[in-house]
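Protein chains in written order, with this note's numbering: chain F, 1 to 265; chain Z, 1 to 358.
Keep in mind that the hints were calculated from the coordinates and are not lab data. Every residue gets a Cβ at the ideal spot worked out from N, C-alpha and C, and that includes glycine. A portion of the hints provided could be inaccurate.
What the hints assert, rightly or not - To spell it out: a stretch of chain F is covered by chain Z in this simulated footprint if at least three of its residues, at any positions, have a beta carbon under 8 Å from a beta carbon of chain Z; those stretches are:
#1 161-168
#2 208-219
To be verified - With a straight-line Cα cutoff of 30 Å, these simulated DSSO-like cross-link-like pairs (lysine-lysine) come out:
#3 F:K177 - Z:K129
#4 Z:K129 - F:K158
#5 Z:K213 - F:K158
#6 Z:K73 - Z:K127
#7 Z:K11 - F:K158
#8 F:K177 - Z:K119
#9 Z:K103 - F:K158
#10 F:K158 - Z:K64
#11 F:K158 - Z:K331
#12 Z:K11 - F:K89
#13 Z:K118 - F:K177
#14 F:K177 - Z:K73
#15 Z:K213 - F:K177
#16 F:K177 - F:K94
#17 F:K177 - Z:K152
#18 Z:K103 - F:K177
#19 F:K158 - Z:K127
#20 Z:K129 - F:K212
As the list claims (entries may be wrong) - Some, not all, of what chain F presents toward chain Z, calculated at C-beta under 10 Å:
#21 P157
#22 P171
#23 I184
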Amino acid sequence: MFVIAPFLWALSTSFKDFNSVTGGAKYIPWLQFEPSLEGWSVLIRSQGKGGVNIIEPYFNSVFVTCSASLLSIIFGTLAAYALSRFTFKAGFIKNNDITFFFISQRIMPPIVLSIPFFLMLGFLGLLDSLLGLILVYMVLLMPIAVWIMVDFFNRVPKEIDETALIDGCNPFEAFFKVVLPNSIPGLIVAGLFCIIFGWIDFFFAFILTFTKVQLLPVAIVALNSSVTPWWSLSASALVSVAPLIIVAFIVERYLSKGNLSGALK
Amino acid sequence: MNLITENLCFKPEHEYYLNDISLEFKAGNLYTLLGRTLSGKTSFLKTIAGLQPVDSGQITFAGKDFNSIPVWKRNVAMVYQQFINYPHLTVFDNIAFPLKQRKMKFSDIQNEVSSAIKKVGLQGFEKRKIQELSGGQQQRVALARSLAKKAKILLLDEPLVNLDYKLREDLRNEFKNIFSGDLSSQSILIYASTDPLEAMQLNGNIIVIDEGKILQHDSAKEVFENPSNVRVAEITNEPAMNIVNGSIESKKIILNKDVQIDLPDKLKTIKPGKYFFGLRASDIVLDDSGFQFVVDLAEISGSETILHLHQDNLKFVSLINEVKNFNNRDKVMLKIMSENLYVFNEKGNLIFSPFKNK
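Please build the complete structure, drawing on both the sequences and the hints.
Next up, the structure:
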């Protein structure tokens, strides 16, 4: 009930208009209120016609989230494999310290990172750009990928890599031909978390963009005005959460498919 | 095609994993590396495979410096005690994996894989995923992969240890058949085991290893009959050989104040003094004319009973060739077969064996 109820509320509200929202608690269309498409049409109407176009911010969000997640998974997986399989030592810094360094990026409150990010992107001329956001999101998402994949690789028996080496693979082949195909569930989980955390971020999307580039969470907040348009906010919330639900449903099938039970009984 | 290791040493922290190991392995021979857990068996096999570095020492194979050749170019096959396979591949693809790495023709791969599958008795399982196989079948896949590769060095690291008793017996017999086939004439087989019985059954050359050091390297018969020291005597017997501190005085072997045995004729050449005496568990038998011992623990193992006994400070393990029920603290009379006693000097080295001095 706690999962479904907010969705049903948002779905119901998205088909209301001003009168239906302000006229007391009403939930069932046609019986309690007359459904209206106003909340949805605002999202695709141009600004000249009183709408708030979220299509461009939507695709910006898709592009930034997917690119940052993909890059984070690629680099994060390689880093995690190295941290899982090789021993690093530089003075007092060892493997666990390096892993903690990655995770520490997520421990700090975002506000702490915002000023350095703002200054760095300003210096690189990447403020208010998709590339700048992708770079920042990589910093935020890669720790998740590293964290999940280190744990996953630690559970993949090292002997599998060794057997691949003995069977004629060089270390790169062993990783790509043997370790990676057996790590698909971990990759999917890490990818899913990266997409979720990238998609829902508002703070950095708000701080690091101005006029040229806008991401979906910022566009949704921009819908708000002196009178809160609950109907269009609800519609945009549903639109925003839809990709995550679709991805989760697709991914769920693959999560149960791959496992390592036959690697080391 | 000899494999030679010279003065291999590996001491990553405070303990030696490999301690000055110098051995020569000849093609066509089976070598059993026998040692307790953490004795350095796996480290040694991994060093030969190239998976573990060494601090010093040289490995030469067929006259070439093996240290400088990376793992994937060594043409070595290894079967682990865990059943290591590639879970994302079918049985066929698992076995074909090393052959595909060599970029062999598909028809040749098919022939080699079929032949290996036949050897390990997995016909009909080619399209199965690894997860759909039992433990024994998974280990057969691992073995088939190493056989299909036709490696010049085949390393088997306790391949039967994680299998149940019956399967272990079956596979051990199959191993003997596989090893005695054409493969054995071209390859060096090194089989690591903790089980002395297994080592004796395989009947190859036995290398006894402990704390990273080679204690004895001889034929199975020689190691069994003449263990070079007390540690070898313990490692190569199951239950471990009883080693007790005692002395020879006034034509008697004195093990404690109550257990004193007349010195057998063949031991009369040994000078009086302090010694370690070794006696196999099967050489302590129930006999009313013997000494009284107290049962600490009785274990029934198959058709035998293993008794853990003591009398004062003297502790023995006895192997009775029948199933009998004993309670803890039962008093039993046991005869020590003194003609089968081994004698080791105070440093633990063998000075008398009942076999050598027959």
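To see whether the hints hold, each was checked on the structure:
1. Closer than 8 Å: that is the beta-carbon criterion, and the region 161-168 of chain F has 7 residues meeting it against chain Z, so the requirement of 3 holds.
2. Counting residues of the region 208-219 of chain F whose C-beta sits closer than 8 Å to any C-beta of chain Z gives 0, which falls short of three, so the coverage hint is violated.
3. Taking the CA atoms of K177 of chain F and K129 of chain Z, the gap is about 17 Å. The hint holds against a cut of 30 Å.
4. With a CA separation close to 20 Å, the supplied pair K129 of chain Z and K158 of chain F stays within the 30 Å bound.
5. For a cut-off of 30 Å, the pair hint linking K213 of chain Z to K158 of chain F stands: about 26 Å separates their Cα positions.
6. Between K73 of chain Z and K127 of chain Z the CA atoms are separated by roughly 29 Å; this keeps the pair inside 30 Å, and the hint holds.
7. At roughly 21 Å between alpha-carbon atoms, K11 of chain Z and K158 of chain F fall within 30 Å of each other, so this suggested pair holds.
8. Among the hinted pairs, K177 of chain F with K119 of chain Z is consistent with the structure: their alpha-carbon atoms are about 27 Å apart, no more than 30 Å.
9. Taken as a hint, the K103 of chain Z and K158 of chain F pair is honoured in the structure, with Cα atoms around 25 Å apart against an allowance of 30 Å.
10. A distance of roughly 29 Å separates the Cα atoms of K158 of chain F and K64 of chain Z; the hinted pair therefore holds under the 30 Å criterion.
11. Note on K158 of chain F and K331 of chain Z: the hinted pairing is violated, with a Cα-Cα distance of about 51 Å set against a maximum of 30 Å.
12. A hinted pair counts as satisfied when its Cα atoms are at most 30 Å apart, and K11 of chain Z with K89 of chain F qualifies at roughly 18 Å.
13. A C-alpha spacing of about 26 Å is found between K118 of chain Z and K177 of chain F, which places the hinted pair at or below 30 Å, so the restraint holds.
14. About 17 Å separates the Cα atoms of K177 of chain F and K73 of chain Z, which keeps this hinted pair within 30 Å; it holds.
15. With a C-alpha separation of about 37 Å, the suggested pair K213 of chain Z and K177 of chain F falls outside the 30 Å cut-off, and the hint is violated.
16. Between K177 of chain F and K94 of chain F the CA atoms are separated by roughly 28 Å; this keeps the pair inside 30 Å, and the hint holds.
17. Only pairs whose Cα atoms come within 30 Å are accepted, and K177 of chain F paired with K152 of chain Z is accepted, the gap being roughly 24 Å.
18. Pair hint K103 of chain Z plus K177 of chain F holds up; C-alpha atoms about 15 Å apart against a cutoff of 30 Å.
19. Of the supplied pair hints, the one linking K158 of chain F and K127 of chain Z holds, its CA atoms being roughly 26 Å apart against a limit of 30 Å.
20. Distance hint between K129 of chain Z and K212 of chain F is unfulfilled; the C-alpha atoms sit about 53 Å from each other, more than 30 Å.
21. Given the 10 Å rule on beta carbons, the hint for P157 of chain F holds: about 7 Å separates it from the nearest Cβ of chain Z.
22. A cut of 10 Å between beta carbons decides the hint on P171 of chain F: the least distance to chain Z is about 8 Å, and the hint holds.
23. The criterion of a C-beta within 10 Å of any C-beta in chain Z is met by I184 of chain F, whose closest approach is roughly 8 Å, and the hint holds.
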